[in-house]
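*Asks:* Sequence:
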Amino acid sequence: MYVIAIGASAGGISAINDFFDNMPIDSGAAFVLVQHLSSKHKSLMQNLLTNRTSMTVKEAEDGETIAPNTIYVMAPTKLILFKDNKLMLVNRTENESGAIDLFFKSLAPYKLDKAVGIVLSGAGSDGSEGVKSINQHGGLVIAQEQSSAQFASMPRNSINTGCVDYILHPKDMPNKIIDYIGLSPQRDYEQPQDPISKIITSLKERKGIDFADYKRSTVIRRIERRMNMLEIRTLNDYIMFIDNFPSELDTLHNEIFIGVTEFFRDDDAFFELRNNVIPQLFKNKTADIGLRIWSAGCSTGEEAYSIAILVHEYLETVNLAFNIKIFATDINDLALSKASAGIYTAEALATMSKDRLSKYFDKKGEYYQVKDIIRSMVIFAKHNIISDPPFSKLDLIVCRNLLIYLEATIQQNIFTVFGFSLNKEGYLFLGASESLGEMGKYFEQLDSRWKIFQHIRQQTASLTKPAFQLNEVVSVNFDNRLAYANVPKKWTANAEDKAIDKITQALQEEYVPKGVIVNEALELRHTFGDVNEYIKIPSNKLSLNILKMIRKDLSVAVGTALQNVFTSGKDIRYSNINTHMTLTAKLYVDEAANTRYAILLFETDAIKPAVISVQDFEFQEKAYERIADLEYELKYNKEHMQALIEELESSNEELQSANEELSSANEELQNTNEELQSVNEELYTVNSEYHKKIEELTQANDDINNLLAMTAITAIFLDKHLRIRRFTPSVKRIINLIETDIGRSIADIALKVNYEDFMDDIQSVINHLIPIETIVDNSVANKFRFTLTPYIGAEGNIKGVIINIVEL
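Be aware that the sequence shown starts at 86, since it is given in our numbering, and climbs by one per residue.
Mixed in with the good hints, there may be bad ones.
As the list claims (entries may be wrong) - In silico SDA-like pairs for lysine to any residue, Cα to Cα no more than 20 Å straight-line:
id: 1; residue 1: Lys423; residue 2: Thr336
id: 2; residue 1: Lys777; residue 2: Arg137
id: 3; residue 1: Lys190; residue 2: Lys217
id: 4; residue 1: Lys478; residue 2: Ile541
Worth flagging that the hints you see were computed from the coordinates, not collected in a lab.
Using the sequences and the hints given, assemble the complete structure.
*Replies:* See the structure below:
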């Protein structure tokens, strides 16, 4: 079952209403609404939502198992957690914040890709940490578009994490969720030539990985996420973008891999492993045989090193020396590079105990590196668990939260491989959401919660793949990097694209070269042919400046050629750059767009057209000229900078003293502001709820007034102090009443009938709660029935008297 977690604070009621007004009542999902509420006020959210949807709306109860098509709202005095498909409530303190983060983080590891996190209007940053967890575990994250949020801080901070899949108006969110959980008609993504299949084929050709084995929904979502980041609307446009920037496949490849890992992830699971599995691994083992463990899908290595630490701690406890081999494999080169280096941030080790941190890690500046005593136990290797041969004679296989991203048939194939790889009585450690299916008959389940199994029966069929050998282990290092975000943020058809098409067409008539097109800002705009040996898109900060991308030994020649071609307006060719290459620079002017481009051609053929003058590129001479120009610019900039520095130093001294005073005042204001912001959010939420209630009461009051007017009932409503609260218009024929009499005592009003015991009867009804009926007449002998009835409130106590008059 999917769980839709909605976080909202100040200004969130309108967004919540828009969301549920458009959400189908039969989605099959459970909805949990987490808000910032004051513990001193009763929340009206349950009543408000009951009027907006026919789904069941209820206040969350401790230990309650979630049900489909149900909305759970939180009590003002509680915080909500998620565990084993149940809602767990804990008491909250008055100033405690982070209710949304807390629930999102508890939900993500249990529901994985079936978790949906939504961040709506609110002040502050609550939710921004929680969306990271949901994203890393493969779930869907949606934030409210800032223009539609009354308070944009919460959605903005979530968006800034880079973990938000979609930014939408609340009324548009249900359609995206319906697509995600599979309620809408399936798009035609199964034909051999559909766009998704083309992208998967391109990924296989470039990266050697067939994502057809992965769950289709996961692949589609990651493709759509990249398209949103690049502001590309259609799959065909995205394919065109990939054709022009093949490195986008590298980025998409890494986007699809969901590398969720941490040291000793799920403490209770590793507690079971340490106490009930690792000691059993060494039974009937001798030091010369050693221990063999496989950590499949190891990502950046935290899991493999955690296992190594547990094994080392056990060996120290029993004072044994063993040959330990932990094979840690993954398909992601970048992850393996980080894993093999064993270097981690302090944040990644935040949950590590101080004793383990000092014992097994060396401090390296701001980072920590795993000590050799642990690193020597782990062998990292690139390995495709689907297609590559497995390891053999294993005592333990750890494969957690990897198989959930693969198709069911692939999962069963892998479990078969695990069965052949494990020794009899070997152990298998899976993720909390994974199960063995048909292969369960070959294993005994030792821990149902943390999915720890023991291999008890050998399969009768034979394994067709040979075992993975140690000489197939791939060496990985930090030079083996993949490029991220190497492309422009937008790709839209415009005048520049048309100009590039014209350039390409002109070149095809004369050349079939390797080259690039550069604009006057020296930005790379297009490539043709394989230019990877000449340029490289940087993997850190995004920049398409050709001089930052060109091979170092060609930078002077390229810089000089571009300067000359844009300055002189003439085409130029440099030979003798090296023994293999000639560089040609051609100018192209797009008169329609009033734009100039330079075309750089990297040619190895000695035969060149005669229309362009050829110059030997004197590297040293051109370099000296270039250096002289740069030195002059540098000298001028230094002098200008020195003058600015002197002025700034003078200003800085004055600002320094002011800054110290402001800093002290700012700290006080910051504390006050945080308190006021929390109070403001609570007041805003309470005010919104009461405003909604007032609207409902006003509507009810109008209904009553219209009903009384329509039925021509003659009635007077008194409070228990005999003051007039309300009367119908027809009363005026019998009793002298006007609108300003409301609030006056009925004893001050003159009757037009002969009713001497009128006040005594009213008092009797209040005292004894027994209705009284009396017939009286007026001066012209008209008769009237006066019925006096007690007015009882919702709590069962007397609130006043209702006088009903009927003319006979």
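*Asks:* All hints are to be evaluated individually against the structure, with a verdict given for each.
*Replies:* We went through each hint and held it up to the structure:
1. Lys423 / Thr336: It holds: about 17 Å lies between the C-alpha atoms, which stays within 20 Å.
2. Lys777 / Arg137: Within the cut-off at roughly 12 Å; holds.
3. Lys190 / Lys217: 9 Å, holds
4. Lys478 / Ile541: Since the Cα atoms of Lys478 and Ile541 sit roughly 14 Å apart, the hinted pair holds (cutoff 20 Å).
Checked against the numbered hints given earlier, the structure satisfies every one of them.
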